[in-house]
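Throw the hints in and build the complete structure from the sequences for me.
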Amino acid sequence: MSTQRLPRRQSATRTVLILGALAFIAFFLVLPLVAVFAEALGKGFAAYGAALVDPDAVSAIKLTLLVAAISVPLNLIFGICAAWAVAKFDFRGKSVLVTLIDLPFSISPVVAGLVYVLLFGAQGWFGPWLVEHGVRIIFAVPGIVLATILVTFPFVARELIPLMQEQGRVDEEAALALGASGFKTFLRVTLPNIRWGLLYGVLLCNARAMGEFGAVSVVSGHLRGLTNTMPLQVEILYNEYNFAAAFAVASLLALLALVTLVLKTSLEWKFGYSHGSAR
Amino acid sequence: MISLHNISKSFSGFAALNAIDLTVRDGEFLALLGPSGSGKTTLLRIIAGLAFPDEGHVRFNGEDVTDLPVAERKVGFVFQQYALFRHMSVLDNVGFGLSVRPRAQRPAKAKVRARARELLDLVQLDGLGDRYPAQLSGGQQQRVALARALAVEPQLLLLDEPFGALDAKVRKELRRWLRQLHEQMGLTSIFVTHDQEEALELADRVVVLDKGVIEQIGTPEEVYMTPQSGFVSGFVGDCNSLPVTVQGNRAQFDGVSFDVAPPRLLDGPARLDFRPHDIAVSPTGDGLPLLVSGVYRRGGYWRVEGSVAGSDRIVEIDLDADHAPPAIGSRLAFTVTRARVFPATEPA
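Those protein sequences? They're chains A and P, same order as listed.
Going by our numbering, the first sequence opens with residue 1, and the numbers climb by one from there.
Going by our numbering, the second sequence opens with residue 1, and the numbers climb by one from there.
Just so you know, these hints were derived from the structure itself, not from any lab.
One or more of the hints may lead you astray.
[To be verified] Derived EDC-like pairs: lysine to aspartate or glutamate, alpha-carbon spacing no greater than 20 Å straight-line:
#: 1; chain 1: P; residue 1: Lys-74; chain 2: A; residue 2: Asp-171
#: 2; chain 1: P; residue 1: Lys-109; chain 2: P; residue 2: Asp-121
#: 3; chain 1: A; residue 1: Lys-184; chain 2: P; residue 2: Glu-72
#: 4; chain 1: A; residue 1: Lys-184; chain 2: P; residue 2: Asp-92
#: 5; chain 1: P; residue 1: Lys-111; chain 2: P; residue 2: Asp-126
Take a look at the structure:
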């Protein structure tokens, strides 16, 4: 950043701060990341490849992609609706809505999972009815999807609310005054105005949807080849002392994180978009 | 013809507009003039259909449009900060109104572009169609906003503080140009401003608003020369106020008496207003004594500032710049050639 000359004492402070931050990042972020790939490839590329084509691993990868493919679009729609409502309209209970949107960030994912067990589990409120009608939610894919949606739903909304609040509604008013319908106004004015923030929110939402452990772990039941997502598969393999396979699957998750990070950074760099939301 | 009947609107208990009646004639250029918070922008938004009155009716050519949303009123609206679509080129901005029409009424793409180019020519921005709004100056953005509003061929053009964000020179040019455009296109235009000079220069008629109420409607000449209320007198044009006592058809200030033009007020305390140019220096020393505290040039005359001797009242008067300016600290006497009295209010 700034390379301007500073008085000697300030320059010493600067050096200490920068080195401190770098050391911290190296120890807590870079080292584990390197360790993941080192361990994954520890027994050679053949073992790495074999671990990834193992039927249980393939099933976990598929399930993770499926869960993300359902929960991210739903949260995208929900996020836009919520942000639209909060930013462009005044209504009673608005601050309550904003607080509620933040709830999944402040609640432990395990609790989020337990809530669904309480509602839909065999002993839960709707359990008997569900059993009667042959619907399985807990220890099945629907439960995993529900838990993931709950845990990831703030990401898009939180990203969009400050952005849309800052932009106000004058662009939409201009479009309406020119005779555009509400839907065309959204498609041609609102959406382009928020597209980078939206993409950013979706990236974060997706990363979390694929990486979520706690809530999913509670509702999944850990049925191999059926209800294991990638993070759960990693845990199982690890508990079986199958380190190379565990780290091989983990390396895919780490790779996803890296790709997300690169995309996000290049978005920020290319469009000068700075995200204003707290997290 | 646009007519407003008994329009009232309040925002969480605060009355923004109170029983407004107004008729706008076809082809008229009308200014809504008032300080901030006077309700002028709310009134404009109600005419546009961007806001809706709590009470009253809006009629366009006799048809009640009170509940019609903006998209169905076919008005052109120019926003204060222009609200150009920043992700679209200038040409796409101008063509937007045509390109969002329902399929059956939508012109072909090439036609929309051709029409947008015509409009850019009209607002003297030919050749800038491929730029983006952020690459234009404030005055250019303003003209793009105008071209965009005109693309849908509105009968009524509404402008919210159209020159507010521009520097003085550009503002003056654009004003003249807008007036020409209004005539040329046979539009009915209503614009909101807090700048009395702008309203007086541009409008056929001026509506002066204060605290949600119409204080006066009239030509610029009427509003300036015969203000109907103390507010209008003080808000439109420079104005000096002196506390006086009215008795019959005379008003007294510190032993100096003034003729009072009708309508007469009841005897008692009142406020006497006069313009800086409605005075004459009295060679005999009769009239109001002034202790000069400041002099500066304003075009062809001196603006002289001073306190009326015997009081702490500061007044401004204009003296012909053909003569040398009075020295600061000197005294002179002047008589008021044209004054109006209004009921006494809080000291102005």
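Here's how the hints hold up against the structure:
1. P:Lys-74 / A:Asp-171: holds (17 Å)
2. P:Lys-109 / P:Asp-121: Satisfied, since the Cα-Cα distance of roughly 19 Å is no more than 20 Å.
3. A:Lys-184 / P:Glu-72: holds (15 Å)
4. A:Lys-184 / P:Asp-92: Within the cut-off at roughly 15 Å; holds.
5. P:Lys-111 / P:Asp-126: Holds. P:Lys-111 to P:Asp-126 sits at ~17 Å (cutoff 20 Å).
Against the hints set out earlier in the document, no violation occurs for any number.
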